[in-house]
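Engineer: Protein chains in written order, with my numbering: chain D, 219 to 616; chain F, 5 to 269.
Take the hints with a grain of salt, since some may be wrong.
Simulated pairs of lysine to any residue, SDA-like, Cα-Cα distance not exceeding 20 Å [claimed, not checked]:
hint: 1; chain 1: F; residue 1: K82; chain 2: D; residue 2: Y510
hint: 2; chain 1: D; residue 1: K324; chain 2: F; residue 2: S155
hint: 3; chain 1: F; residue 1: K197; chain 2: D; residue 2: K324
hint: 4; chain 1: D; residue 1: K380; chain 2: F; residue 2: V66
hint: 5; chain 1: F; residue 1: K76; chain 2: D; residue 2: E384
hint: 6; chain 1: F; residue 1: K76; chain 2: D; residue 2: L254
hint: 7; chain 1: D; residue 1: K380; chain 2: F; residue 2: K82
To be clear about the criterion: a stretch of chain F counts as covered by chain D if any three or more of its residues have a C-beta under 8 Å from a C-beta of chain D, and this derived list gives those stretches [claimed, not checked]:
hint: 8; stretch: 59 to 67
hint: 9; stretch: 80 to 86
hint: 10; stretch: 122 to 134
hint: 11; stretch: 139 to 145
hint: 12; stretch: 155 to 167
hint: 13; stretch: 174 to 188
No lab work stands behind these hints, which were simulated from the structure alone.
Small disclaimer: the values here were computed from a predicted structure and weren't measured.
Where a beta carbon is used, it is the ideal one built from N, C-alpha and C, also for glycine.
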Amino acid sequence: MIYPDERGYFGRYGGRFVPETLIPALIETERAYRELAGDKKFQQELQFYLKDYAGRESPLYFASRLSASAGKARIFLKREDLNHTGSHKINNTLGQALLARKMGKKRLIAETGAGQHGVATATAAAVFGLECTVYMGSKDMERQRLNVFRMQMLGAEVRGVKKGSETLKDATNEAFRDFIRSFEYSHMVIGSVVGPHPYPMMVRDFQAVIGRELRRQFLEQEGGLPDRIIACVGGGSNAMGIFYPFLDDPVELLGVEAGGKGIEPGQHCATLSRGNDGVLHGAFSRLLQDEYGQVMDTHSISAGLDYPGVGPEHASLRERGRVEYVQVSDREALDAFMQLSQMEGIIPALESAHAVAYALKIAAALEKESSLVVNLSGRGDKDVEEVARLLGGDESGN
Amino acid sequence: MEIRNRLAHLREKEEMALIAFIMAAVPDEDLCLDCIRALEQGGCDLLELGVPFTDPLADGEVIERFHHRGVKLGLNLKRGLDFAARVRAACQLPLILFSYYNPILQMGLDSFARDCREAGVNGVIVPDLPLDELGRLAGQGLELIPMLAPSSTLPRVQMAADLDPAFIYCVSVRGVTGVRSLPELEIKDYLQKVRAVTTAPLVLGFGISQPEQVRAFQGLADGVVIGSALAQIIEEYESRPALLPGMLEKRCQALKLLSYWEVRS
Ligand SMILES: Cc1ncc(COP(=O)(O)O)c(C=O)c1O
Chain D
219 MIYPDERGYF GRYGGRFVPE TLIPALIETE RAYRELAGDK KFQQELQFYL KDYAGRESPL
279 YFASRLSASA GKARIFLKRE DLNHTGSHKI NNTLGQALLA RKMGKKRLIA ETGAGQHGVA
339 TATAAAVFGL ECTVYMGSKD MERQRLNVFR MQMLGAEVRG VKKGSETLKD ATNEAFRDFI
399 RSFEYSHMVI GSVVGPHPYP MMVRDFQAVI GRELRRQFLE QEGGLPDRII ACVGGGSNAM
459 GIFYPFLDDP VELLGVEAGG KGIEPGQHCA TLSRGNDGVL HGAFSRLLQD EYGQVMDTHS
519 ISAGLDYPGV GPEHASLRER GRVEYVQVSD REALDAFMQL SQMEGIIPAL ESAHAVAYAL
579 KIAAALEKES SLVVNLSGRG DKDVEEVARL LGGDESGN
Chain F
5 MEIRNRLAHL REKEEMALIA FIMAAVPDED LCLDCIRALE QGGCDLLELG VPFTDPLADG
65 EVIERFHHRG VKLGLNLKRG LDFAARVRAA CQLPLILFSY YNPILQMGLD SFARDCREAG
125 VNGVIVPDLP LDELGRLAGQ GLELIPMLAP SSTLPRVQMA ADLDPAFIYC VSVRGVTGVR
185 SLPELEIKDY LQKVRAVTTA PLVLGFGISQ PEQVRAFQGL ADGVVIGSAL AQIIEEYESR
245 PALLPGMLEK RCQALKLLSY WEVRS
């Protein structure tokens with residue numbers, strides 16, 4: 219079975235739940251994407267930018283000190299933090315920006331939580347000479363200030379969204395409204411494997427470069443496949459990207475969601491672990507919502523995971539039991555953030571720190587020589603200020 | 005049949021239908037009911053009742069504010085349907101419920117349809133269910149109102165026509181709800197394109213606030229929806245609730261009378 223089907227469904231999940239106004243834009247995008255996906259010249263051009271511009275491939279690093287401190291298992295890091303702009307998000311934005319250019323679009327629209335996708339979109343817009351507008355919740359603008367400046371320096375306009383939760387969810391609503399108004403000359407660069415068809419498929423395909431590289435690197439370095447792969451899940455793009463080429467292999471796949479401060483509603487964003495079926499931002503997937511279908515507020519220490527929805531393909535992988543989804547609390551993520559920084563000299567993004575935390579949690583109980591790859595989806599420069607504030611116990615934010 | 009009959013009757017009289025959109029139970033139930041009575045008094049022909057949702061993607065700033073206010077007041081689909089039953093008892097207007105899909109999904113499609121029928125709701129508009137997915141609500145004895153937009157291609161128009169709907173909601177612009185000036189010629193072309201495919205009543209919505217706009221589409225559209233313009237009046241006058249119903253009634257009269265006189269003269 220090849221997912222998604224022609225209507226954009228991964229089993230029961232996916233589809234297109236958007237106003238009719240937007241349907242022609244999605245059909246056009248899908249057609250253009252399918253054409254280019256099979257087009258050698260387009261793929262070569264994308265390869266060129268991924269390599270010479272974004273710095274791929276990203277290394278696979280054996281973290282020996284971290285492994286030794288954690289237990290017997292061998293922990294490897296897939297270093298997406300070393301990509302240009304500091305996260306995996308650039309894999310997708312370069313692909314979509316190229317697609318937008320081929321479709322004759324002059325402008326990119328993006329939603330962003332942590333600001334990493336916004337920065338990656340602003341970067342792609344700059345290198346391809348496109349205009350760029352990024353929507354960001356005002357709460358996120360505060361806790362990821364550095365990325366706001368970066369986007370502005372890259373020439374993008376950052377529009378703060380002071381509505382609803384003031385985080386990624388409402389920024390995404392606003393980006394969709396812009397897209398509905400402007401799709402004749404704008405392309406919306408969705409930053410994760412969420413949204414209406416063809417986005418979950420397209421973003422997965424652009425991110426699958428992570429898993430394909432890993433497969434080759436692991437084979438070369440270790441002569442086989444890893445036993446386990448761990449990735450954090452916000453919308454789910456870095457996880458989908460690293461999992462996808464391994465779906466048919468005997469490799470244990472683990473998605474780590476943000477457990478936040480606890481299991482009470484509003485205190486976490488563990489959509490797959492605690493949500494149920496629902497529609498948000500154009501796809502039928504899992505969702506954190508109340509009994510009346512109102513979408514819930516969420517919390518995570520990490521702005522990039524602070525989102526009540528998740529990509530439909532993850533919902534399907536969960537249902538099929540192919541991927542196991544687990545949670546890590548704010549506290550555990552913060553500890554892992556410090557531990558990786560001090561044991562390996564790598565400051566991870568708070569999002570990625572969730573995956574690291576889970577690796578540390580299970581490593582002790584794993585058999586000797588078993589291997590575990592963590593997708594280190596981004597670097598933590600953007601989080602330094604916020605972490606200093608949290609560790610300093612300074613609630614005033616100064 | 006109420007919606008079809010009402011529109012057929014108006015078409016016979018060559019009269020534009022005026023459909024008023026109002027958010028359920030905002031600012032509160034009683035004032036909202038007073039507003040609805042005033043709309044009926046002012047000559048509006050059908051009522052579109054909105055259900056507040058946390059993530060109203062198809063709505064512009066003004067109506068979005070009403071969604072967020074409604075959510076803060078603890079409103080939801082269940083309370084929206086309870087309120088619809090009160091509306092049913094308070095006026096004669098055919099009633100169309102406007103709700104985003106997720107609350108309907110949570111309630112369960114069967115329960116939703118049953119509760120709609122029991123509340124006296126005649127039709128539903130689900131702005132985030134495009135034509136391909138509208139079938140999910142079919143066969144439940146509810147009129148499903150399909151939407152089209154200026155961007156809609158001929159196959160999409162045909163899809164809407166094939167549903168044999170009570171009317172087609174023709175979104176006037178590429179955009180979300182909100183008062184604005186409209187590209188008249190473009191909309192006329194678009195209405196003609198749809199008209200060539202179907203005899204179903206065409207109702208133009210999004211961005212309409214002024215009698216002149218209604219007049220411009222006389223003969224091409226069978227009716228108009230007015231939403232954000234009413235919401236603006238509600239925002240402006242809700243602190244003076246004694247004046248509010250009268251203001252809404254006047255606006256309806258202006259829109260309705262003018263379209264009426266245009267046809268007669
Ligand atoms: C470094 C990093 N990792 C992960 C995420 C979460 O997104 P996704 O689940 O789509 O990979 C983000 C989002 O901002 C991010 O910046």
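Engineer: Evaluate each hint against the coordinates.
Structural biologist: Outcome of the hint check:
1. F:K82 <-> D:Y510: 7 Å, holds
2. D:K324 <-> F:S155: Satisfied, since the Cα-Cα distance of roughly 19 Å is no more than 20 Å.
3. F:K197 <-> D:K324: 28 Å, violated
4. D:K380 <-> F:V66: Holds, because 14 Å separates the two Cα atoms, which is no more than 20 Å.
5. F:K76 <-> D:E384: Roughly 15 Å between the alpha carbons, so the hint for K76 of chain F and E384 of chain D holds.
6. F:K76 <-> D:L254: Violated, at about 45 Å.
7. D:K380 <-> F:K82: Violated, at roughly 28 Å.
8. 59 to 67: Three-residue rule met by the stretch 59 to 67 of chain F, so holds; n is 5.
9. 80 to 86: holds (count 3)
10. 122 to 134: holds (count 4)
11. 139 to 145: violated (count 0)
12. 155 to 167: Holds, because 4 residues of the stretch 155 to 167 of chain F bring their Cβ atoms closer than 8 Å to Cβ atoms of chain D.
13. 174 to 188: It holds, with 4 qualifying residues against the three required.
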